[in-house]
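Asks: Sequence:
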Amino acid sequence: MMAELHTEWTTEVKTLSPLHIGTGTELMLGYDLVPHRGRTYRVNEDRLLDAMLARAEGEGADAVNRVLMGRPAAELLAPPDFDNPALFRYMLTGEPTKREGKIPEQIKDVYDRPYLPGSSLKGALRTVLAWGIYTRAGREPDLGRLGPRAKYAAQRLEQDTFGRDANRDFLRALQVRDSAPLAQANALSLEQVQVYPGGTPVEVEAVRTGVVFRLTIAVDEYGFQEEAARQLGWQGKRAWLAQLVALGKEYARERLVTEVEFFKAHGGPQSTLGFYAALVKQVVEGELADDEFLLQVGWGTGWESKTLGSGLLRQDDVAFERMLRDYRMTKERNRQPGDSFPKSRTLALRDGEPAFPLGWVRVKLAGFVPGEEPKLAPPRHVKRPEPAPIPSEGRPR
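Under my numbering, the first residue of the sequence shown carries the number 1, and numbering increases by one thereafter.
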């Protein structure tokens with residue numbers, strides 16, 4: 001009986017572009033991170049200090065004092081030291097373009113192994129489901145129910161969609177675990193990223209393209225049983241989880257439409273258009289398996305990926321501008337109703353040029369079984385026109 005109350009999907013998340021999920025900590029170049037011959041090394045401070053003190057003791061008291069005065073690691077390390085792995089916690093491919101500054105740290109476990117936090121993936125899946133519930137029902141969010149504070153603006157809309165409080169939120173039943181830590185030594189890179197167009201490049205630690213995270217997503221089925229569902233207000237909600245892959249595919253398609261149109265309007269960059277052309281091919285030509293969909297997660301993925309998106313939120317140009325102003329979502333002056341938003345994207349650079357958007361992944365839910373379409377209430381708003389097809393120019397020939 002218990003087996004029937006617990007469903008598990010063995011999940012793989014493969015990075016299709018660099019992924020940054022930060023810790024909030026910034027690492028100091030020259031102290032925490034030291035570049036050498038195309039790589040950047042994370043210093044093991046304790047072992048480096050021990051090694052440098054042992055070396056200095058043979059050179060006299062002055063040498064010991066120089067070490068103890070807190071000289072940066074970059075000044076203490078000699079080229080042969082980079083062949084000693086004991087002095088370093090981990091290594092990133094790539095070098096910074098500068099020798100001083102701060103680098104946002106990628107999240108890792110206590111052994112410095114990168115992993116994918118379940119909370120980051122679940123947040124992205126929550127957005128997919130919210131978008132899907134509105135879209136399938138032919139509804140639009142009631143912007144009049146947005147809260148006064150930006151951080152909690154969508155709280156009432158989420159309560160309308162998922163449940164009136166945290167205890168009755170039906171996504172409580174969706175348990176997304178942290179991934180297993182990555183074992184490979186070359187999983188991390190130092191990425192130079194830039195707000196496009198016109199931003200100043202910065203550097204971040206990131207998980208490289210082509211890395212696969214493995215984790216488990218589980219559904220606690222108890223709350224969807226008849227009596228529990230009645231008490232929690234979850235009647236009919238389980239059907240939405242059975243549509244997760246289908247909604248993921250539909251949501252990715254709309255996101256790709258938006259991104260292709262944005263970069264075509266800016267005339268490139270060609271590397272970015274080529275990247276999106278490859279994703280379009282996967283979606284349009286059926287290259288994704290029945291249990292796979294594309295998703296964008298992590299830092300630098302932008303407003304469109306973190307919200308219901310302009311397709312649902314831009315219901316009226318004047319009301320949309322009022323929302324941007326009320327929540328201080330733009331610093332632009334002299335904006336007019338109908339102006340585009342957002343006007344920028346964050347891209348990873350290649351050879352000093354903007355190239356790849358951040359955080360695109362392919363999600364595979366092994367064992368996922370789709371279910372029947374959810375029963376829908378009549379639309380509260382007039383159904384909007386179908387989204388425009390993906391521009392043919394964005395597809396590879």
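Treat the hints with care, since some could be wrong.
[Unchecked claim] Now the in silico label distances, taken between C-beta atoms and shown as ranges:
1) 317 to 183: 47 to 57 angstroms
2) 55 to 278: 29 to 39 angstroms
3) 352 to 287: 46 to 56 angstroms
4) 239 to 214: 41 to 51 angstroms
[Unchecked claim] Each computed DSS-like pair below joins lysine-lysine, with the alpha-carbon atoms no more than 25 angstroms apart:
5) 249 to 14
6) 343 to 364
7) 331 to 249
8) 281 to 375
9) 151 to 14
10) 151 to 122
11) 264 to 343
12) 151 to 306
13) 364 to 331
14) 151 to 281
15) 264 to 281
16) 98 to 122
17) 14 to 281
18) 375 to 343
19) 331 to 306
20) 249 to 375
21) 151 to 249
22) 375 to 122
23) 14 to 343
24) 364 to 122
25) 343 to 331
Calculated from the structure, these hints are not laboratory results. Note that CB positions come from ideal geometry on N, CA and C, so glycine has one too.
Asks: Determine which of the earlier numbered hints do not hold for this structure and return their numbers in increasing order.
Replies: 2, 3, 4, 6, 7, 8, 9, 13, 14, 16, 18, 21 and 23
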